[in-house]
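> Below, each chain spelled out in residue letters.
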Amino acid sequence: MRKLRSLIPFVPLVFAALCTAPVRAQTESPPAPATGSHAELIAKGEYLARAGDCIACHTIPAGKLFGGGRAMETPFGTLYTPNISSDKATGIGAWSADEFYRMLHEGKSRDGTLLYPAMPFASYTKVTRADSDAIYAFLQSTQPIHQVNREHTLRFPYNQRSLLIGWRTLYFRQGEFQPSPTQSVEWNRGAYLVLGLGHCTMCHTSINALGGTSLSKEFQGGLIPMQNWYAPSLTSNREAGLGDWSIEDITGLLRAGISKRGAVYGPMAEVVFDSFQHLTDDDVRAVAVYLKSLPGKASEVDTSPRSTYTTEEAARLAPLGGKIYAAQCAICHATGGQGKPPAFPPLANNQSIQMNSAVNPIRMVLNGGYPPGTHLNPAPYGMPPFAQLLSDAEIAAVVTYIRTAWGNHGTPVSEREVNALRSAPLF
Amino acid sequence: MEHAPDTMQARVLACAACHGEHGEGTDNDYFPRLAGKPAGYLFNQLIAFRDGGRSYPPMNYLLAYLPDAYLKQIAEHFAEQRPPYPPPAAPRVDAATLALGRQLVTNGAPDRKLPACAACHGTGLTGMRPAIPGLVGLHADYISAQLGAFRYGTRHTASPNCMHDISSHLTDREITAIAAWLAAQPGPADPTPAAPSHLPLACGSVPN
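First to last, the sequence lines map onto chains A and B. Counted the way the numbering used here counts, the first sequence spans residues 1 to 427. Counted the way the numbering used here counts, the second sequence spans residues 1001 to 1208.
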């Protein structure tokens, strides 16, 4: 079984049970007047469904398009994504455009059932009525897949949807995207994509103890629950975020999956493969322009748990790390850590290696990885896995080395951290 | 700034870590030889690992976002490799078991309508183009694990799954015998897979 893009917030449900405030009254925008031919509308909807990456969760790999059934594992049980194909009995073929918009905008299913926030309706609420109608038209044009939705297997009390009322009161702010009149058209388009369909905040904003996200920490990065990958900060903070990345570095990374600064891996490889590589240059550039405008707050600190180590352990592992690097890594990443970009990413001055959390570099050494094969990079170079070759101590040593050599300002890592990640879900 | 070599070999370093620089395999029982297996077979396996037909998380993870065209290039790369075979393993079974293995591999069990391995995998056991793998140069534990995976349905192929049918009719001792005898064979003088010919049974992964 494939391990899915994980979901978030079930911790909050117990607390949410205490909160019984009713969901706020809704205002619905009227349906947009139809423009252009129906075929154009469907094509637009297909594109927007790419931008929203619907396929990633609603299609089993190599399975029937939008047939759902993908298992989403959480600490509280397993969710199964629903069928969103045009099948009238088991998909959304019988839904109206109004019902579809209400689902995206309010997080309620056709019968009024509250959706679990695994469905990113807190982002999709920003989608315009016109775009919702286009996505609706596209989904209605897809092959009907007759596949009955599988029941979630959440444990009590997480299977009580009434608990979601509290979560929504705390963390759901309904409303379409409102363009900022003081910003450019390009910035507003980028903001719309990032905050709405792109649902970037689902991974790139840390989850608090109640399973919600805090606006003050928006896009400052966070550990993705269950998957054990760290989604880095997207702000302009020099230490943790996009800092001195150029627009071209960002667009290259999002469209090709590789750049001079680094490659996408882990869950982001899927996002580039399924979504970003299919978007227009203009839209990806708009995303980059918006991200570059996110302020690098002086108050932003990397609040993820620091890698743990003892001075004694670090001293013991340090010389070993240099030796392993020379023997195993330098052939591609170069003696000075400058790499051979874009095929072999640089490790020197690479933020994703130096963050407080050492989860990403440890996992890359353990499991290796291929960036996604994209239109712009159809035959990517791959990082070898070392789990089968190196011991916990050896991996801790070499990760410590790359986090602290060449001016990198990461901290050492311990054997214990490496060992814990050997059992992290791969897939 | 130095650039990475624009070669397949540099692109598949991620494979070499377990399967050897030229796909020769390693001394780990579960990292099989890839070199010289027909490209169609290797391509089918890469697709199966990517899409879930074969379940081995480290492989499923590595291939998840690689497109068909690139997997085909990877398959062709390893199909063209001709590294030397490792020396055969000393058998860990008794002579009678080894003889049983030889009998099943070369003659099958006609009374039970079980074809010989060699009928499809080539008289030299180097596989058959386009999509049947060679059986030489593999570890006994790897072979028996694959037969078990076929039998219990954890290794899927396109239907009809001929290897599921065959492995379901083999006893545990027969699987041990086949694996032990195959692993004890020296590398063939000519590692080229056999030309396509008529198969004794229908296999979904091999176009007929």
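There's no promise every hint is true.
[To be verified] Derived contacts from chain A toward chain B, CB cut-off under 10 Å, selection only:
1) A94
2) G212
3) A327
4) I331
5) F344
6) A348
7) G368
8) Y370
9) P380
10) P384
By construction, these hints were calculated from the structure, which means they are not laboratory data. From the three backbone atoms N, C-alpha and C, an ideal C-beta is built for every residue, glycine too.
> What hints, given by number in increasing order, does this structure fail?
Of the numbered hints, 1, 2, 3, 6 do not hold.
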